Amino acid sequence: MGHHITVESEQYIFKAETKKKLFILIAAGLVLFAIGVFMAMTSDHGGHEGHAAISKTEMLANAEPAQVGHAEGEHHGSANWVKRIYTSLWMNNIYFVGLGIVGLFFVCIQYAAQAGWSSGLKRVPLAMGRWIPIAALLTIGLWFLVKGDLFHWTHHDVYEGATADKILTKKSPYFFWPLHAGSFPLFYFVRMVLFFGLWYWFFLAIKKKMEAEDLDGSTIHWYKSRSLSAWFLVFFGVSSSIAAWDWVMSIDAHWFSTMFGWYVFASWWVSGLAFIVYVVVKLKEAGYLKIVNSNHLHDLGKFCFAFSVFWTYIWFSQFLLIYYANIPEETVYFIERMRVAPYNWIFYLNLFLNFVFPFLLLMTRDAKRHMSMLKVVAPIIMIGHWFDFYNMITPGVMQYGGGFGLLEIGLFMIFLGAFVYVVLNGLSKLPLVGKNHPMLQESLHHHI
Amino acid sequence: METNKNFIVGIFDDEDILLEGVEKVRDKGVKIHEVYTPFPVHGLDEALGYKRSRLPIAAFLFGLTGTSLALTMQIWMLGIDWPMIIGGKNFVSLPPFIPVTFELTVLLAALGMVATFMIVSDLKPYKWPRQFDLRSTDDKHVMAIDLAINANLSSDDIKRILKEAGASEANDKNFE
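Chains as they are written, first to last, in our numbering: chain C, 31 to 478; chain F, 544 to 719.
Please keep in mind that the hints were generated in silico from the structure rather than gathered at the bench. These numbers were taken from a predicted model, which means no experiment stands behind them. Cβ coordinates follow ideal geometry from the N, Cα and C atoms, glycine included. Fair warning: there could be bad hints in the mix.
In the DSBU-like style, the derived pairs of lysine-lysine whose C-alpha atoms are separated by at most 30 Å in a straight line are [stated by the list, open to error]: (1) Lys200(C) <-> Lys177(C); (2) Lys459(C) <-> Lys320(C); (3) Lys683(F) <-> Lys548(F); (4) Lys574(F) <-> Lys594(F); (5) Lys239(C) <-> Lys465(C); (6) Lys314(C) <-> Lys594(F); (7) Lys45(C) <-> Lys314(C); (8) Lys567(F) <-> Lys332(C); (9) Lys594(F) <-> Lys320(C); (10) Lys332(C) <-> Lys312(C); (11) Lys548(F) <-> Lys632(F); (12) Lys320(C) <-> Lys683(F); (13) Lys50(C) <-> Lys405(C); (14) Lys465(C) <-> Lys45(C); (15) Lys594(F) <-> Lys405(C).
Quick list of simulated restraints, FRET-style, between CB atoms [claimed, not checked]: (16) Ser664(F) <-> Ala371(C): 38 to 44 Å; (17) Pro203(C) <-> Gly630(F): 32 to 38 Å; (18) Glu646(F) <-> Met393(C): 17 to 23 Å; (19) Leu379(C) <-> Arg569(F): 47 to 53 Å; (20) Gly191(C) <-> Leu637(F): 51 to 57 Å; (21) Thr608(F) <-> Asn374(C): 31 to 37 Å; (22) Tyr593(F) <-> Tyr204(C): 57 to 63 Å; (23) Ser611(F) <-> Leu228(C): 45 to 51 Å; (24) Leu379(C) <-> Asp681(F): 55 to 61 Å; (25) Leu60(C) <-> Phe603(F): 45 to 51 Å; (26) Leu587(F) <-> Glu241(C): 50 to 56 Å.
Excised from the complex, chain F in its bound form (with noise of 0.2 Å):
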């Protein structure tokens, strides 16, 4: 991804342009790298063909861990390696064990779906993001295409298919 070095890049004034800028841009067969916005787009995911994220599986199984962390500590804690009487319950007895439990749940869940959104995502201290155009952190929408993935479309071939799709500029971006 990082060893990409060429890039074109349309610009888009207005969010339902970009919408159906992105289908007409793919019906022609060029694979476009990203979509930066300066707001959520909505159904821009849909647009791009995005799967949809695993996240989701990723915090159900932090989650899951942190259930069976939480009540394995306690069970071991309480009622294997140092039994103590409380309130005259028994050493093993689930409801005390619960907010424990849906806590440990919550903070494992949490911290695990940061964590693997930053991987999955490449973020981490001292990365420098690419800026394919800084407009897009104002008011421009920004289609980076690249153009070592198209290599069976010429540059001016892109440029002028992004036009068509009713891109305002059409710009090269050299990344060295």
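So here's chain C without its partners, still in its complex pose (with noise of 0.2 Å):
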């Protein structure tokens, strides 16, 4: 290498005045909920009853398979007002699960394929992982509340007597083993708390082994980091798609698809990287992170662009497969999202804001190398898949009943405004740049 850039530390101050415009997110978030909250719980008593008649008309039209009589949440089911508030606050958790372990997933990429190009802005996708914890408690604590009424096969009653669900029956040991069905779901629980428990452990060995290595600035901790990221992604591979199928797909309990695993991690990841994009924009603005130019942003662009396209292939395999087989307990789950306001404009309008725009808004190299359209582009993806997780989760739960509304902008308001709080107080715990990273060099004279 021709010469030596010296790098200056950098340390990121989390000013009391961004802080503050969180806690307005946060509040308006909350005022927004309470008046969605209120709206649904209104407009419950009224047209309720119409309107549920005319789904379920519907829904025998569509050719419910077998379990028309079993149709899901029937059975002692909240009112649909609570329903609509638990499956908001599952699928708001799920996408920042998703986030937060996206930025663990992204540093360990980074030091499994021996990345250098990053290593001047690893420190922004480390502090999304210090969300991890506080997925862990609420998904768990959230699990506990929600389950009755999200998760059909949670109840007992399906799996006795006569009119037993002969496929749920099947499946139960997936979720109950070794107790018997329609008991406490120890398989799946023990599975939850591992995934999140391991994730954790990872994410705090990793930021071990960077603040060792800002400290003594020896390369044994960039070994050691890449073998960790090496284990992380292996697990991770096995641990993302079951988390899917666990959290995600087990609402539509009787349904599976085989690309799902693939499916929710395409969105998680991508909904991750417009994330770091966003953070990586907004601290250049104001100033920080100097050693991140233009190159950086554009493969940073790259990624978002690629996996936009990736999440767009998933999609398309699962929906192409479904449509063409044409078989209905397949269908099914098609024509609950393509059929019924508010599901179908968010269906088409996930395909706009996932493939349609970033495909062609990214297209260009100008485009992902200048910040102003990243600035645009990141918030669009964000919100894009944040609308996926909706339609993923909610059409199985509240059925032809489901809105969107205040209630939900108000419940993402406040998780956003928590997510970044958490991570933006992380990103101040250490120095922004690692000075003592073994391809700081190589990131400072990256040129693409």
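Need the complex rebuilt from these two chains, each delivered in its own frame; the hints are there to steer you.
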């Protein structure tokens, strides 16, 4: 390498002004959420019966497979507006679980691939990993709150008597093993705890290595991080898929798709990338991350572009196979999502926000290199994938009684505010640039 | 391009010296014909003042051609010329057309881009490229300067400028 570039040490300061903005976001979210809940409660008493009647006939016309009489959520469910809150809480939580874990995933990919270009901006995705312990508590806590309404398979009576659900009985060991079907889903619960536990353990281990590298500058930490990352990637490959089945696909417990694990992963991954891009751009605008230039932004932009296309590929593969085979057990999933508002407009909006916009807007080289364009596209992708999760989770729970309004938007703002707060707070705890990263010079000379 | 025969060839040992050299030579008002390097040198395009390649535009247009060709073909075949019921779907149903459309888009974009590149770069079968100095395939960076274009400067001037810019050698090269 020709010449050595010296790096100034940088420390992100989490200003009171930024905190205030986030609190305003959360407060505004709370207000909108409260109004949304109130609106949902009042509309629940009104046209609910009529609407439900239409929905029911339509559902029958759409040939709900086998268990027509057993439509999910029909027995001992909460009121419609309560279910709406539960659904929205769960989907926001799952979305932000993804953002947190993708931060760690990004860091690990960089280590495992021995990538040099990203060494100046790795602290941003690392800070996202700080959401993992909070996500763990939220997921486990929320699961106990919402399981009766979201997860049809948790009810013991679907496994009992003459009307026992044959499909769910066959699937029950996956949830309840080694206990009997209808009791506590031990296997499911252990998986949940194990995934979060190990993800958090890997996060702490890699963070510790980074901190040690800052202090003594030895390259041994890089080598250790690399092997930790490789193990994490193997574990994540399995756990992200299983998490997707457990937490999202099991809502539609009769239905299954072999693409689903990848689908959820793709959605998490690209929204995480968009978040990284957005934070990096904002930090640069605030005068931080001087060592990140348009070449690094170009690479991040390519990541967003490529994985938007990857997500579309997975989306389409799942859709085309089900569309073409035309098996009622499978098509019911899409019929639910394509026929009735708000799922139908979200279904098409999803494709525009997550494929058409990123594809066209990020296609040119200049778009990926300029902060002004990345700043527009990154939020589009993030919001688009939030809608994606909405449509993965809501229809299965709410059937044709689902809604989209201030309730959902308010909760998203609350979660977003909390998540950004945790990330920025984490960012301020460590130096913004790992000065002793062995590949920092490569990153400084990065040129594409 | 092929008609010019008389060149001055500057040899550079190091890519950093080359990059600075390119700027120094251009500052003196010398127009550089081309620089040959044994490996890609980052920043050389900018130093030589090359404009961005328009190849992506060609690729996009070829891709667009592929998309419309594929859709037209399938809609005409399966919707107009020979309608057949397949799997109970409409004659013209978009989802099963997408894989073919995607493939033809990629195929035409790729082939079109390669063809465009070869035409623009004047690469064709049996073409024997000019070798200004064979060491450019080994370990030297070679800067070729066309005497006919730089008619206001004598060959000695150019050699002096090259040496000042850091060239280890400056040689005459004539093609017959």
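Now for the hints, and whether the structure bears them out:
{"no.": "1", "hint": "Lys200(C) <-> Lys177(C)", "result": "holds (20 Å)"}
{"no.": "2", "hint": "Lys459(C) <-> Lys320(C)", "result": "holds (19 Å)"}
{"no.": "3", "hint": "Lys683(F) <-> Lys548(F)", "result": "holds (22 Å)"}
{"no.": "4", "hint": "Lys574(F) <-> Lys594(F)", "result": "holds (15 Å)"}
{"no.": "5", "hint": "Lys239(C) <-> Lys465(C)", "result": "holds (13 Å)"}
{"no.": "6", "hint": "Lys314(C) <-> Lys594(F)", "result": "holds (28 Å)"}
{"no.": "7", "hint": "Lys45(C) <-> Lys314(C)", "result": "holds (15 Å)"}
{"no.": "8", "hint": "Lys567(F) <-> Lys332(C)", "result": "violated (35 Å)"}
{"no.": "9", "hint": "Lys594(F) <-> Lys320(C)", "result": "holds (27 Å)"}
{"no.": "10", "hint": "Lys332(C) <-> Lys312(C)", "result": "holds (18 Å)"}
{"no.": "11", "hint": "Lys548(F) <-> Lys632(F)", "result": "violated (66 Å)"}
{"no.": "12", "hint": "Lys320(C) <-> Lys683(F)", "result": "violated (35 Å)"}
{"no.": "13", "hint": "Lys50(C) <-> Lys405(C)", "result": "holds (22 Å)"}
{"no.": "14", "hint": "Lys465(C) <-> Lys45(C)", "result": "holds (23 Å)"}
{"no.": "15", "hint": "Lys594(F) <-> Lys405(C)", "result": "holds (27 Å)"}
{"no.": "16", "hint": "Ser664(F) <-> Ala371(C): 38 to 44 Å", "result": "violated (55 Å)"}
{"no.": "17", "hint": "Pro203(C) <-> Gly630(F): 32 to 38 Å", "result": "holds (35 Å)"}
{"no.": "18", "hint": "Glu646(F) <-> Met393(C): 17 to 23 Å", "result": "holds (19 Å)"}
{"no.": "19", "hint": "Leu379(C) <-> Arg569(F): 47 to 53 Å", "result": "holds (52 Å)"}
{"no.": "20", "hint": "Gly191(C) <-> Leu637(F): 51 to 57 Å", "result": "violated (46 Å)"}
{"no.": "21", "hint": "Thr608(F) <-> Asn374(C): 31 to 37 Å", "result": "holds (33 Å)"}
{"no.": "22", "hint": "Tyr593(F) <-> Tyr204(C): 57 to 63 Å", "result": "holds (60 Å)"}
{"no.": "23", "hint": "Ser611(F) <-> Leu228(C): 45 to 51 Å", "result": "holds (50 Å)"}
{"no.": "24", "hint": "Leu379(C) <-> Asp681(F): 55 to 61 Å", "result": "holds (58 Å)"}
{"no.": "25", "hint": "Leu60(C) <-> Phe603(F): 45 to 51 Å", "result": "holds (46 Å)"}
{"no.": "26", "hint": "Leu587(F) <-> Glu241(C): 50 to 56 Å", "result": "violated (40 Å)"}
Comparing the model with each earlier hint shows violations of hints 8, 11, 12, 16, 20 and 26; every other hint is respected.
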